[in-house]
Amino acid sequence: MTVAAFMDLALYDPKLGYYARAARRSGRAGDFFTSVDVGAVFGELLAVQIAEMAGILTHLTAEDAKDAEDETRDARDVTSASSVKRVDLVEAGAGDGRLAADILRALRLRASAVYDRTCLHLAEASAAARDAQRATLGETADRLVTSAPDLPQSFEGVLLANELLDALPVHQVVMRDAGLREVYVSARGNDARLTLREGALSTRALADYLARLDVSLEPGWRVEVRLSAIDWVRHAARRLQRGFIILIDYGHEARELYSVTHAAGTLATFSRHTTESAGSAASETPWLLRPGEQDITAHVDFTSVRAAAEEEGLVTLGYMDQTYFLLGLAVSANPENLAGEPNLAGAPNLAGALNLAGALNLKKRLALKTLVLPGGLGSTMKVLILGKGVGTPALRGCSFKTRVT
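For the sequence shown, the residue numbers in my numbering are 7 to 411.
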């Protein structure tokens with residue numbers, strides 16, 4: 007089977023898949039940490055951005071919408087409505103709903119008008135995680151409209167996906183002197199031990215994907231191609247009628263991802279807060295071991311994701327390290343009101359920005375530092391913001407700096 011098929015079974019099989027068998031996999035008791043595990047401040051800062059986006063949508067007139075749609079050369083979604091009365095907040099890969107709960111609590115406290123208009127939709131493949139969502143949401147569960155494995159058929163508002171794309175299945179290919187070959191997973195021996203073998207490409211789409219990027223792989227280079235991410239973003243773009251998409255994940259532009267720096271590939275596992283990546287030999291392939299019992303992940307190709315979204319009529323509004331996205335939100339938000347005006351004059355650098363965020367209590371300031379300091383989550387995680395039918399607004403999350411490391 008292809009690596010993509012193996013990864014899909016190992017992670018998402020309804021009975022045996024790693025994500026399917028538990029409501030939560032991250033955190034101190036899990037296998038890895040995400041920004042959500044640092045504390046509620048991540049969701050509270052995202053609430054700043056979502057509140058601003060909701061305000062843009064609410065005050066978007068029919069004429070504005072028509073102009074915005076003209077900018078994207080797609081007028082299919084223009085309606086006669088003078089404004090958006092409700093705002094759909096859709097989280098893809100929502101798990102048990104912790105991030106949504108943090109966002110909603112912040113909106114209820116500091117932007118109650120936005121909270122009252124918010125219709126929450128949680129898309130999550132794991133039935134165990136879906137079953138835990140209402141309890142996790144607690145007092146904010148009144149905003150939950152749908153909980154399902156897939157996105158709503160049609161929605162207008164904000165779609166958020168935090169560390170979703172990196173867990174979607176990937177194909178793995180290797181360049182040989184005779185040309186591009188695909189890596190397959192097969193069972194050998196009496197114990198059905200899983201090993202790797204090379205063969206012809208399972209689909210021409212793999213070669214076409216790399217050709218579109220004008221990627222030139224050297225003999226011996228082994229890389230991942232995530233066709234599933236392209237399918238997902240196209241699917242999401244078509245269901246979003248008007249609004250924003252926020253994608254937060256770790257990855258690179260294609261020119262870096264498909265370079266000598268990552269010539270051994272990026273497939274890796276996380277288990278008990280330890281990560282392992284493959285060695286050069288098939289026997290040194292940790293992601294083949296214990297399928298269904300450990301996370302499998304690979305870096306995201308943001309170039310291809312962005313291109314696919316733009317082909318579907320979306321506009322790129324920002325792409326930056328998580329550091330600069332969160333700092334833009336932290337220093338622009340009035341702690342008493344999520345609709346406060348930006349104030350960046352005293353924050354020319356990271357230290358200054360953290361000082362301006364001093365309205366946060368000590369615990370939250372420490373959490374913010376964990377989220378933004380370079381070398382950790384701040385520079386590892388990238389944020390891609392896309393819009394549809396909203397023009398090109400200057401968003402708070404893009405107000406500090408636009409920088410990718």
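Hint data in this document are derived by calculation from the structure and do not stem from the laboratory. Warning: the hint list may mix true and false statements.
As the list claims (entries may be wrong) - Straight line, CA to CA, 20 Å or less: simulated SDA-like cross-link-like pairs of lysine to any residue:
(1) LYS369 <-> LEU115
(2) LYS375 <-> LYS91
(3) LYS21 <-> GLY382
(4) LYS369 <-> ASP43
(5) LYS407 <-> THR376
(6) LYS91 <-> HIS65
(7) LYS91 <-> GLY45
(8) LYS21 <-> PRO297
(9) LYS21 <-> LYS370
(10) LYS369 <-> GLY382
(11) LYS369 <-> ARG111
(12) LYS370 <-> ALA154
(13) LYS407 <-> SER385
(14) LYS407 <-> PRO297
Quick caveat: nothing in here was measured; it's all calculated off a predicted structure.
query: Holds or violated: LYS369 with ASP43, Cα cutoff 20 Å?
result: holds (14 Å)
field: 20 Å limit on alpha-carbon distance, applied to hinted pair LYS91 and GLY45
entry: violated (31 Å)
message: With the threshold set at 20 Å, check whether the alpha-carbon distance from LYS407 to THR376 stays at or below it.
response: Cα-Cα ~19 Å, so holds.
- prompt: Is LYS91 close enough to HIS65, meaning Cα to Cα at most 20 Å?
  reply: Measuring from Cα to Cα gives roughly 9 Å; hence the hint holds.
query: If you draw a straight line from the CA of LYS21 to the CA of GLY382, is it 20 Å or shorter?
result: Measuring from Cα to Cα gives roughly 34 Å; hence the hint is violated.
- prompt: Can the restraint linking LYS369 and ARG111 be considered satisfied, given a maximum Cα separation of 20 Å?
  reply: holds (18 Å)
Pairwise hint evaluation, LYS91 against LYS375, where the allowed Cα distance is 20 Å at most: Status violated; Cα separation ~36 Å.
query: Taking only the CA atoms, is the gap from LYS21 to LYS370 under or equal to 20 Å?
result: Roughly 38 Å separates the two Cα atoms, so the pair is violated.
message: Just to be careful, I want the Cα atoms of LYS369 and LEU115 compared with a cutoff of 20 Å; is the pair within it?
response: holds (19 Å)
task: Starting from LYS21, check that the Cα of PRO297 is at most 20 Å away, please.
output: Satisfied, since the Cα-Cα distance of roughly 12 Å is no more than 20 Å.
field: Straight-line alpha-carbon gap LYS407 to PRO297, limit 20 Å
entry: Violated: LYS407 and PRO297 sit about 41 Å apart, past 20 Å.
query: Does GLY382 lie within 20 Å of LYS369 when you go C-alpha to C-alpha?
result: holds (18 Å)
Of the numbered hints stated above, those contradicted by the structure are hints 2, 3, 7, 9, 12 and 14, listed in ascending order.
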